[in-house]
Amino acid sequence: MTIITRPRDEAADSEVPTGQAAHHMDMNPIDLGRIEALQVLDEHGNINQARDPGLNDSELLAVHRAMVLTRAFDSRMLTMQRQGEMGTFAPNLGQEACMIGQVWELTKQDWFSPSYRSFGAQIQRGWPMERLFLLWSGYHQGFPPPEGVNDMPFSIVIGSHVLPAVGIAMGMRRRDDNDCVVVNFGDGAMSQGAVSEAFNFAMVDRAPVIFVCENNGWAISTPTKLQYATDHLAGRGVAFGLSSIRVDGNDILGMIAAMREATRRARDGEGPTFVEAVTYRMSLHTTADDPTVYRDSAESEPWESRCPIIRFQRYLEGRGLLSKDGAEKVRSEADAEVLEARERFRKIAKARPREVFDHLYKVTPSELEDQRNEYLSRLDRKGVD
Amino acid sequence: MPQKTMVEALNLALDEAMSADESVLIMGQDVGVNGGVFRVTKGLHEQYGRDRVMDTPLAECGIIGTAVGMAVYGLKPVVEIQFSGFTMQAFDQIEQNMARLHNRTMGRFPMRMVLRTPYGGGIRAVEHHSESRETYWAHTPGLKVVIPSGPRNARALLAAAIDDPDPVIFYEPKAVYRAFREDVPEERETLPIGTSQVVREGKDLTLISYGAMMRPAREAMEDLIDEHGIDIELIDLLTISPMDGETLCKSVAKTGRCVIVHEGHRTCGIASEIIARINEGAFEYLEAPIKRLTGYDIPFPYFQTEQYFLPDADDIIESVRETMAWE
Numbered sequence: 004m005t006i007i008t009r010p011r012d013e014a015a016d017s018e019v020p021t022g023q024a025a026h027h028m029d030m031n032p033i034d035l036g037r038i039e040a041l042q043v044l045d046e047h048g049n050i051n052q053a054r055d056p057g058l059n060d061s062e063l064l065a066v067h068r069a070m071v072l073t074r075a076f077d078s079r080m081l082t083m084q085r086q087g088e089m090g091t092f093a094p095n096l097g098q099e100a101c102m103i104g105q106v107w108e109l110t111k112q113d114w115f116s117p118s119y120r121s122f123g124a125q126i127q128r129g130w131p132m133e134r135l136f137l138l139w140s141g142y143h144q145g146f147p148p149p150e151g152v153n154d155m156p157f158s159i160v161i162g163s164h165v166l167p168a169v170g171i172a173m174g175m176r177r178r179d180d181n182d183c184v185v186v187n188f189g190d191g192a193m194s195q196g197a198v199s200e201a202f203n204f205a206m207v208d209r210a211p212v213i214f215v216c217e218n219n220g221w222a223i224s225t226p227t228k229l230q231y232a233t234d235h236l237a238g239r240g241v242a243f244g245l246s247s248i249r250v251d252g253n254d255i256l257g258m259i260a261a262m263r264e265a266t267r268r269a270r271d272g273e274g275p276t277f278v279e280a281v282t283y284r285m286s287l288h289t290t291a292d293d294p295t296v297y298r299d300s301a302e303s304e305p306w307e308s309r310c311p312i313i314r315f316q317r318y319l320e321g322r323g324l325l326s327k328d329g330a331e332k333v334r335s336e337a338d339a340e341v342l343e344a345r346e347r348f349r350k351i352a353k354a355r356p357r358e359v360f361d362h363l364y365k366v367t368p369s370e371l372e373d374q375r376n377e378y379l380s381r382l383d384r385k386g387v388d
Numbered sequence: 121m122p123q124k125t126m127v128e129a130l131n132l133a134l135d136e137a138m139s140a141d142e143s144v145l146i147m148g149q150d151v152g153v154n155g156g157v158f159r160v161t162k163g164l165h166e167q168y169g170r171d172r173v174m175d176t177p178l179a180e181c182g183i184i185g186t187a188v189g190m191a192v193y194g195l196k197p198v199v200e201i202q203f204s205g206f207t208m209q210a211f212d213q214i215e216q217n218m219a220r221l222h223n224r225t226m227g228r229f230p231m232r233m234v235l236r237t238p239y240g241g242g243i244r245a246v247e248h249h250s251e252s253r254e255t256y257w258a259h260t261p262g263l264k265v266v267i268p269s270g271p272r273n274a275r276a277l278l279a280a281a282i283d284d285p286d287p288v289i290f291y292e293p294k295a296v297y298r299a300f301r302e303d304v305p306e307e308r309e310t311l312p313i314g315t316s317q318v319v320r321e322g323k324d325l326t327l328i329s330y331g332a333m334m335r336p337a338r339e340a341m342e343d344l345i346d347e348h349g350i351d352i353e354l355i356d357l358l359t360i361s362p363m364d365g366e367t368l369c370k371s372v373a374k375t376g377r378c379v380i381v382h383e384g385h386r387t388c389g390i391a392s393e394i395i396a397r398i399n400e401g402a403f404e405y406l407e408a409p410i411k412r413l414t415g416y417d418i419p420f421p422y423f424q425t426e427q428y429f430l431p432d433a434d435d436i437i438e439s440v441r442e443t444m445a446w447e
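From first to last, the protein sequence lines stand for chains A and B.
All letters in the first sequence, in the order written, are residues 4 to 388 by this note's numbering.
All letters in the second sequence, in the order written, are residues 121 to 447 by this note's numbering.
Derived from the structure by calculation, the hints contain no laboratory data.
These numbers come from a predicted model, not from an experiment.
One should not assume that every hint holds.
[As the list claims (entries may be wrong)] What follows is a list of derived Cβ distance ranges for each label pair:
(1) A:ASP383 to B:PHE403: 54 to 60 Å
(2) A:LEU58 to B:THR310: 51 to 57 Å
(3) A:THR110 to B:MET121: 24 to 30 Å
(4) B:VAL157 to A:ALA242: 26 to 32 Å
[Said to hold, decoys possible] Computed footprint of chain B on chain A, listed as stretches where at least three residues anywhere in the stretch have a Cβ under 8 Å from a Cβ of chain B:
(5) 243-251
(6) 254-261
(7) 334-342
In this text, a Cβ means the ideal position worked out from N, Cα and C, and glycines have one as well.
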């Protein structure tokens, strides 16, 4: 495993934390440019046996189905948005291996804190698709994580969910729970000071959290070369003392291998890990975006051959686990599953204007009750249920 | 009853909460071994250990953000931000998460946490150490804002804030921290959040204040009664949000005149909201315009001039006499 790690100073683990001793300083600059990305499956579907996480046949097929379902959901959301049935959302075409790989190793007791481009991961974690349809079409009831799913709602303000995720992990460590937290964000979020603070708090507290940065090359129209001045982001984790790894984010087996090691470290009390997953935003920032204004198609074209699903299908075909017809069947079944969820969504989608005051406080203060009563009488006057 | 300073009374409330409930923990800069820069958490680190009285890295946003996560996980963090002027660093986490997560998740996750922080001027401090920006938090849906004025109500309100199921911003008037001692009962005591206190009943004029300004307000009240024969009704707001408009309107309906005193800036200050409430609830009883005696709309001055910026008893007496003279 090519986890890049800095050996811990034993003194720092003693009861009273101490600073790094001066003699550990090394005046030779560390060449972080040499950090290489972990890859298990290459673009042609060839496997590096030494790093294969060793999933069994049914697991391999389940991973494939989950990625195909992610794409089917993404595609249907786009259609629904263009037809006016869905609000603005952030497609995740091409990032399916990141989506599924980052949560594959998690248990029900573990926590996941998504970004707004994480719905493949959310589906994998147990969010019913109709709930995600509700969420993206503006119904409040789509926002809370379902009962029994230890997920946070995503945050809209970039990077603002990362510190609370660290706080959950700090809580786990205090309760000696053997669980961990995965928190997901993009390359743009790495410019937020709060994310650097999160790295530092996690490391100082040895919190069992895994930071997954999906570096998809773009933050709306801002390319990574304007976002940061290094060759990669993994080095920033190293600077905070985090074990850090750069992974080919379009390689589902690479993602799973990295997350397996990262979750093991978290559970064994070895602290946080930073995973930089290198991928590419094949589609739009959001449905309100037009990348042709700022992005040359010559840049995105090579990434089409790096498609995480095609690559994995080649591998499965090579192993005799999946035929061309079989892949087509998985795809059509996923489409059907999404359409069934859309039907359920259409049945339950109902705005509840009378409830907008109900959830702000656990116990609604009486002065807010007065405002609610005023608002309800306004609804009565307009004849709104 | 033992006599305590506000610092000692707050320490007592924290100690009681931590010993009664294992999920209560303290986070902040220098709150551990050092006991906090004002010593409010003194001795708690030794008693409860570093995982429950946690010295954090120096990042206010990081402190509030991680405390939010702990609250989601079912713990009850009581966070200390060293000076309220530094809460601006954490504005994002307070606004995006502390105030909203309960609503965002339709109550799926608890958000029981308290943000304690000293506020206000009068201690000859450097810039950013004297602010009274309670308006920010009163303007933020989802929070409660509490400001005690003395040792006894500080202890009782902090206990109530830690018990509260919703997030509370708890502003501590640092000018009062060690200014005087007061009887604080040994047995645990709480005061309801959202209720103001009529400190003295009177029939001529309602004087409303809170926090550190309650001291000059009391001083002015005594002078006004003794020297000027004005029968003052004094109200200590105690909770800024949710505001106890009922108590305020009831008083003004009786007296017909009102003066409001606070350190915070005037425009959109707490007095503005109080005036709006009285306008809605007691307009027909008013015999004079409501007077607000507040901080001005300039940054808090450097400390050689702070005594002129902060309202004092003389200024309050002047404002009250002016309001009484209005016909």
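Next on the checklist: Is 26 to 32 Å respected by the C-beta to C-beta distance linking B:VAL157 and A:ALA242?
Outcome noted: Holds - the Cβ-Cβ distance for B:VAL157 and A:ALA242, about 29 Å, lies within 26 to 32 Å.
Checklist entry - Are there at least three residues in the stretch 254-261 of chain A whose beta carbon sits under 8 Å from a beta carbon of chain B? => result Violated, because only 0 residues of the stretch 254-261 of chain A bring their Cβ atoms closer than 8 Å to Cβ atoms of chain B.
Item to check | Stated coverage of the stretch 243-251 of chain A by chain B [criterion: 3+ residues, CB within 8 Å] | outcome: Violated: only 0 residues of the stretch 243-251 of chain A have a Cβ under 8 Å from chain B.
Item to check | Supplied distance hint 24 to 30 Å, evaluated on CB atoms of A:THR110 and B:MET121 | outcome: Cβ of A:THR110 to Cβ of B:MET121: about 53 Å, so the range 24 to 30 Å is violated.
Next on the checklist: Looking only at beta-carbon atoms, does the pair A:ASP383, B:PHE403 fall within the given range of 54 to 60 Å?
Outcome noted: violated, 26 Å
Checklist entry - Residue count check for the stretch 334-342 of chain A against chain B: does it reach three with CB-CB under 8 Å? => result Three-residue rule not met by the stretch 334-342 of chain A, so violated; n is 0.
Item to check | Distance restraint evaluation - A:LEU58, B:THR310, Cβ atoms, bounds 51 to 57 Å | outcome: holds, 56 Å
Of the numbered hints listed earlier, those contradicted by the structure are 1, 3, 5, 6 and 7.
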